[in-house]
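S.K.: Read top to bottom, the protein sequences are chains A and B.
According to UniProt numbering, the first sequence is numbered sequentially starting from 1.
According to UniProt numbering, the second sequence is numbered sequentially starting from 1.
The hints are simulated quantities; they were obtained by calculation from the structure and are not laboratory data.
Ideal Cβ placement from N, Cα and C applies to all residues, glycine included.
Please note that a few of the clues may not be correct.
Each pair of labels, with its calculated beta carbon distance range [claimed, not checked]:
1) B/56 - A/117: 45 to 51 Å
2) A/193 - B/136: 53 to 59 Å
3) B/342 - A/204: 37 to 43 Å
4) A/117 - B/91: 38 to 44 Å
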Amino acid sequence: METVTELNKGTPQTGKKTSAYKVKNSIITILIYCQLLIVAAAVLFPIVWIVGASFGQSTGLANATPIPKDPTIMHYKKLIETTKFLDWYWNTFKIAVLNMIFSVFLSTSAAYIFSRFKFKGKKAGLMSILILQMFPSFMGMIAIYILFLNFGLLNNHWGLVIVYAAGQIPFNTWLIKGYLQSVPKSLDESAMIDGATKTQIFFKIILPLSKPILTFVALTQFMAPWMDFILPRLLISSNDKKTLAIGLFEFINGNTNNNFTMFAAGAILVAVPITLLYAFLQKYLISGITAGANKG
Amino acid sequence: MENGMHKRPIIPGIASAVIWGLGQLLNKQPVKALFFFFMQALLVLIEVLTGQYTDLSEGYTFRENGGFFIKGLWGMVTLGEVPRRMSILGLTDGDHSIVLLINGIIGLIFLLIFVSVYIWNIKDAFRTRKLINKTGIVPKTKDYIDELWSSMFEYIVLTPSIIMLVLICLMPILFGMVIAFTNYNGAHLPPAKLVDWVGFDNFINLFQLPIWSRTFMGVFGWTLAWAVLSTVTCFFGGLFQAVILNNKRVKGKKVWRTIFILPWAIPGMISLLVFKTLFNGQFGPVSQFLMDIGLTDQRISWFTDSSSPNLARAMIILINLWLGFPYFMALMSGIMTSLDKEIYEAAKMDGASPGQEFWKLTFPLVLSATAPLLIMSFAANFNNFGVIYFLTQGGPTNPHYQFAGYTDILITWIYKLTIDNKMYNMASVMSIIIFLVIGSISAWNFSRTNAFKDEEGA
């Protein structure tokens, strides 16, 4: 825009147009700021409202206001004292960390093999993980339920970790493989000549080089259990083993009015750390998604 | 030759086919022979120890005496023959069709692994003999293991992933698919009742029984409409916001950006549940506000009003826009700032207006960079359980539908069929249909990218 204005200034025959242009210009500026303000209000309103509700005096949904008169932390106290919220938090955190470790380990090693070696069945393997990731994860739930019933993994956090980690192998392998293919092979070839073993190459060269994509995979795997609903709903039955998603959903489902403020407090306690994590690491997240889309 | 080894390689091959490892023994490779023989022993041992082979006084039946493999296969084929009954002595031991089916699938998968070892064993006996004939030297097993390790490195590293995938992904998916060909539902719940194979009956019912076909058509239509609308709104919403944000007039870009990115960073389920309460029919503050300013004189049932299902649908799409636009906005403003400045200079030289610049340059460039994501986003929305289930749980209820509401999409309908209504067979039919739709879209999407072409070049 600036260059256009300068060009206009430079040419005498458009001198009259300049003032009209200025008016038009400022109208556009005002419209743009209006749009920004409206969207910002729409984005912020629900957030402010839920924060306000969690600090408000009233306990019901009907009386919740965005800006509470006498802020109080009683809902947080009640949440922690009367429910198993802290247990749920710890459960979810534990599952998230374990899932992250297993997923990264399994998918990176598989991706290393698929991106660096030629072997029998490579194409068939790639094709089958591609097909596997297309099935709705839901489809196998009953079978997993019965499988875990037989192996005693029902109502057990390891069961959840196994399903999360295994379920994401196809997608993550594909993603990391795409990234590794952009890492020049000459690096590991020269290391091979220097006598490094395949395992050494993996730990000394491949892992450090694939840091950005590993950050992405680790982060998405860490996030997954926080808000996943179907799986824990199916596999976890006892109250003290629940994850946050189930606990929060049950506050709001059914008796909405009475438990609402506890839900609000719980939602804040979950959302704040995750939002911060996302906001700080958004660079990795966006570039990871783009890489995944472009390289398949 | 000197030690009479010059035999045709087919002989150790056949020997290994009869007794695993025998061919290797003939090839004078005892360690290898022992390994293969051990594998066969393991196979037989598993079968014998898990079955009832000690007491065959009443004759051999698959049901009573079969072990892990034989009973598994029997169970998979018959799905059980005797249901649980009440007798004078209490409940009798009946066949649990579903457990039998799953054990059968697991048994079959393991059997296939053993079969591949068996084939390897025959091939190895044959090839080693050929090699001996050629060189006259018996290869040392240790060399073989070393060679195996270096050539098997790939497979060994992949093994943990493969085991997890087979048990947690493949087996359940196979099970989920075959259930579509049974009558496993609330009326046939094991162990009290037996489940039977019914062929394509469920598929025929889906299209021929009016209540099912009507529900399916309605839900499928809305699923498609939802997937298209939610993707398009978020895509263009994000694009529009990115364009506005990138405008040179805007000051404090970072602040605006941070605000707009919030819906993406907040866990989706929490936002959805907050919206659910905001638009709660009985106590929700939005209705209250509209009443206070006099726009309406009664509370609006945003999500539950059966007389206006399109209100609920519009609300879902709007709320999804709130959730979804920031992601596309962040993505596109990233792409826009990385676009080559020189093309714009050139365009200006040629006298392009800002509008032309946008539609002829920016838009096509951004579109081509985000097209695969657009398709991925469509596929994700097609199965977007969260938005539908947490906002409306499929409601408002539709009396003409079978176990579904106006806003149910296929995946939430499957959830309800499975969890609430025990219609496992129909849910499975629906899963297969979803797979066909998503599978073909993804396959098409992947075939356009270079993922497989890389393989050829590698």
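S.K.: All the hints need checking, so say for each whether the structure fits it.
M.R.: Okay, the hints, checked on the actual structure:
1. B/56 - A/117: 45 to 51 Å: Check passed, 50 Å falls within 45 to 51 Å.
2. A/193 - B/136: 53 to 59 Å: Given range 53 to 59 Å: violated, Cβ gap about 34 Å.
3. B/342 - A/204: 37 to 43 Å: Taking Cβ atoms as reference, residue 342 of chain B and residue 204 of chain A lie about 41 Å apart, which means the hint holds.
4. A/117 - B/91: 38 to 44 Å: violated (55 Å)
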